[in-house]
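Protein chains: 2
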Amino acid sequence: MTRQLPLLALLLLLTGVAHAQNDLTLKTRAYRQQHEHQLLDEFQGLLAIPNVVYDTVNIRRTGAYIADMLRKRGIEPKLLDAKTPGVPPAVYGEVRVPGAKQTVIFYAHYDGQPVNPNQWADGLKPFEPSLYTQALDAGGQPIPFPKAGEPFDPNWRIYGRSTSDDKAGVFAILSAYDALRQMNVKPTVNLKFFFEGEEEAGSVHLGEILDKHKALLSSDLWIICDGPVHQTGRKQVLFGVRGDVNMELKVFASKRPLHSGHYGNWAPNPALMLARLLTSMKDEDGNVLIKGFYDDVTPLSESEKQALARIPPVDEQLRQELGFGQAEGGGKSLAELLMRPSLNINGFASANVGKLATNIIPTSATAALDLRLVLGNDPQRQVQTVIDHVKAQGYYVTQNESITDEERAKYPRIARIIAKSGYRAQRTPLDLPIAQTVVKAVQSTAKEPIVVQPSLGGSLPLYLFDQILHTPTITVPIANHDNNQHAENENLRLQNLWDALETYVALMRL
Amino acid sequence: MTRQLPLLALLLLLTGVAHAQNDLTLKTRAYRQQHEHQLLDEFQGLLAIPNVVYDTVNIRRTGAYIADMLRKRGIEPKLLDAKTPGVPPAVYGEVRVPGAKQTVIFYAHYDGQPVNPNQWADGLKPFEPSLYTQALDAGGQPIPFPKAGEPFDPNWRIYGRSTSDDKAGVFAILSAYDALRQMNVKPTVNLKFFFEGEEEAGSVHLGEILDKHKALLSSDLWIICDGPVHQTGRKQVLFGVRGDVNMELKVFASKRPLHSGHYGNWAPNPALMLARLLTSMKDEDGNVLIKGFYDDVTPLSESEKQALARIPPVDEQLRQELGFGQAEGGGKSLAELLMRPSLNINGFASANVGKLATNIIPTSATAALDLRLVLGNDPQRQVQTVIDHVKAQGYYVTQNESITDEERAKYPRIARIIAKSGYRAQRTPLDLPIAQTVVKAVQSTAKEPIVVQPSLGGSLPLYLFDQILHTPTITVPIANHDNNQHAENENLRLQNLWDALETYVALMRL
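If you're matching them up, the sequences are chains A and B in order.
Throughout the first sequence, residue numbering follows full-length UniProt numbering, covering 1 to 510 in sequence.
Throughout the second sequence, residue numbering follows full-length UniProt numbering, covering 1 to 510 in sequence.
Rather than coming from a laboratory, the hints here were simulated on the basis of the structure.
Just so you know, these numbers come straight off a predicted model, no measurement behind them.
All C-beta atoms, glycine included, are put in the ideal place defined by N, C-alpha and C.
Treat each hint with caution, since some may be false.
Claimed, not checked - Just some of the chain B residues that point at chain A, by a computed CB distance under 8 Å:
#1 Q141
#2 W266
#3 A267
#4 L337
#5 N344
#6 I345
#7 K355
#8 R372
#9 G376
#10 Q380
#11 Y411
#12 R413
#13 R416
#14 G457
#15 N484
Construct all of the structure, not just a fragment, from the sequences and the given hints.
Quick look at the structure:
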């Protein structure tokens, strides 16, 4: 354990000062340079197993592969099940370190978001990992995996589902432990490993797993390996996450598709109805207009505000890189906006466009939405604000799959809203002593000042660790920020994987 | 030729009076009752050939099948090509009738709208015609095609692409001629047959075909067999059609899909941008708010207004049948609203919904639109009003497939608008003598008063016949109104096919 500095001093120390990378980092680097082929062989094997969270058969195959990875490292794996049968188990393992006074659990998840292979670039298959000379949209070209003895370029990228989110996390943690073993360096804390298999479905049963295996999962800290490093390329440490809840909003019109010539001007158009509904929810600046949407927000603490103010601005660089002209938020910074709850349209579908388009008036229109939550927001209360808003626009709102003739006869406008259970946001206070230890450990591996954020914009069910295990969580992400996480063409830059190894070696020597 | 009544007297005569079906109609009915199996065998063969308008190989197979149908009836088919090579040819045939003073060309089209087989009901395949006891949404059950000697129920429906639009038209025309032959009844006019193969693509080359084969196609009248009978179930005669032009409107945001947690609240959401754009185009009553959209409309003539006033109201019955609560149009009738230009959203797509939905901010959003045009509207001028509107909302509008980095850097909002060429509306004056003859012929086959409409809501490129051949057109549709034309689960009610046979026999004895 390192001596503690007051938080503000530490934050200042992280700003704009050149840092030295410590010996362990350099040693880890040398080890990695000698083992790149072995490392990538094992990673490719992991990536090749389909892991869409709803694909229960392959999810279990993925879990079994990870259990084997633990065994290879001399750790006896356990599969931690939930009370509910059939839930993908968490894969668990532990390493007791003689003399260690603290225990750290390392978390990553091995399931992935759904894939629509048609939307992936030509030549890319979600579960056939492939190597490219750089990012596709920067002109990256495919390249075969090099043979033994041939070098890797650290700017190459591996494409495939979960290359970054979050098999990279699983792999970085287990490879860091392996590096320590091979280098004969002892961890300074007891290590536990916990790999979840249901995160992308909203971690519906994680609470049950934590509750059922409470004794086994006792620790002083959870370190969460998920998400991207800062857009500047600097490493970052995150003290919280937004919560999230998914909704589907569907608007119904005619029971059957209608010829747009014979009925256009008279039959209601569900795509337009849904467009009007969505438009009513946000203003031109992206502010949510739904009544009560911002009511429950817990304000930032003073130290959170200070940390926020120190995050390097990336908005203009990012806007150019992403190629859009105008951000939402009326001029507020990205870092600031991520501290607010948000309402996102993830997708919109009504009949067909392109080659399949026909001259009809569709029967329904559907929007997939996700609401990001901040501290203070309750998922169901937030969903209710949206339902109330839709009702206030003159809609009858149901949760039923099909609409009855009676409902159709009775209500001029009908919407179906289905919300998943979702989960709350979580924030660990920046002032905890162990928090500062983690920040210093990560900084010891980096030349540039690392970024400390009160919260990730993304979501993880970290509130559960707090609520059930009363244990703080800190997130140390590793992926490149342009990894296309959750979407087609997901990828990982090799250098990010190499950096991750050094980071996680340091985190096992807190 | 029949003696002419003044138009108003004829229209009055058609209102609310019981009519007798004439001998020819009864004779045709008896003939049909004896030949139902033969008729449906031939129709099934026609339906089984895929005819999506863009599927050039199968379109030609469909044309060849129709050419064979002509041959079987003792008519030597001609394939009429366009100046542009590779265009699906029109299939043509003619029957000279000794002593006949007039010539009527019968038109139908043999191509069909695109199909998305996934959207069709379980058990239905677009090009495997299948029989159901009634409409699917009324609880229709599949039933095998009856064996020789077993009866058909006239309420049964055949499901498949183009069962109604418009292979039914091709088939009704050729079967009516066949019936006359078999019954040894001579047509009273020279007959020409013209079956188009590119209607559902907007009849892009029909003008070329008409122009190239002008001499062959001389006539006194074109009778168009396409579209549905009136929603009351009564037969109808239509004196015009709306024009149509298809557009695609695509809005661009970030170059790559973004994680909705890490970027939600800041990155612009293209689905919301497009929703806002579409919402700005129409008010709550469905009135188009685009500047100039209604400017060019030619007012209805007095006799058109009279005909319009006599159309039986169906709005309330239809609204209930279609199961929606509130029509567009602020209380105006369907018949009245179809005399206005319209802007329809045919489809909307942005990323994914349902099982494929992921927590992202999409990169783009696309809407398929069609603009229905009335007399006076020019397709390109109407498209321009939409483009100007989008520009007025702050968009840079391009037609290019891909957006350059320079464009992305320069313009805060970017939309791509691609419009097809489209075509104008057409209306034949109700007062023409031959028009009245047609109305009387159709009425002679029906017990109930037929409906006379100044214009169909749907579209056909009838302005070309006027412009190139200087020949009037009258449309006599045959399909059931609930045929799902252009959409999934397209179908034809058998009784409509039987009625069509009687109608078209009468139209060959004007």
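Check: Once the shortest beta carbon distance from B:R413 to chain A is found, is it less than 8 Å?
Finding: This interface hint holds because 6 Å falls under the 8 Å limit.
Next item on the list: Using Cβ atoms only, decide whether B:N484 comes closer than 8 Å to chain A, and label the hint accordingly.
Entry: 6 Å, holds
Notebook entry, point to check: Does B:I345 pass the interface check with chain A, least Cβ-Cβ distance below 8 Å?
Noted result: 4 Å, holds
Notebook entry, point to check: Quick one, is the B:G457 hint okay against chain A at 8 Å, beta carbons?
Noted result: 4 Å, holds
Next item on the list: Identify whether the interface hint at B:L337 stands, where standing means a beta carbon of chain A within less than 8 Å of its own.
Entry: With a closest approach of 4 Å, the B:L337 hint holds.
Check: Per the CB criterion, is B:Y411 less than 8 Å away from chain A?
Finding: 5 Å, holds
Next item on the list: Tell me if B:W266 is really an interface residue toward chain A, meaning its C-beta lies closer than 8 Å to one of theirs.
Entry: OK, holds: B:W266 within 8 Å of chain A, min 5 Å.
Next item on the list: Answer holds if the nearest beta-carbon of chain A is closer than 8 Å to that of B:N344; otherwise answer violated.
Entry: Hint holds; B:N344 Cβ to chain A Cβ min 4 Å, cut 8 Å.
Notebook entry, point to check: Under the criterion of a CB-CB separation shorter than 8 Å, is B:K355 in contact with chain A as hinted?
Noted result: OK, holds: B:K355 within 8 Å of chain A, min 6 Å.
Margin query: Quick check on B:R416 please, does its C-beta sit within 8 Å of some C-beta on chain A?
Written below: At about 12 Å, which exceeds the 8 Å cut-off, the nearest Cβ of chain A leaves the hint on B:R416 violated.
Next item on the list: Hold the hint about B:R372 up to the distance rule: shortest CB distance to chain A must be less than 8 Å.
Entry: 5 Å, holds
Next item on the list: Could you check if B:Q380 really has its C-beta closer than 8 Å to a C-beta on chain A?
Entry: Status violated, d = 18 Å.
Against the hints set out earlier in the document, violations occur for numbers 1, 9, 10 and 13.
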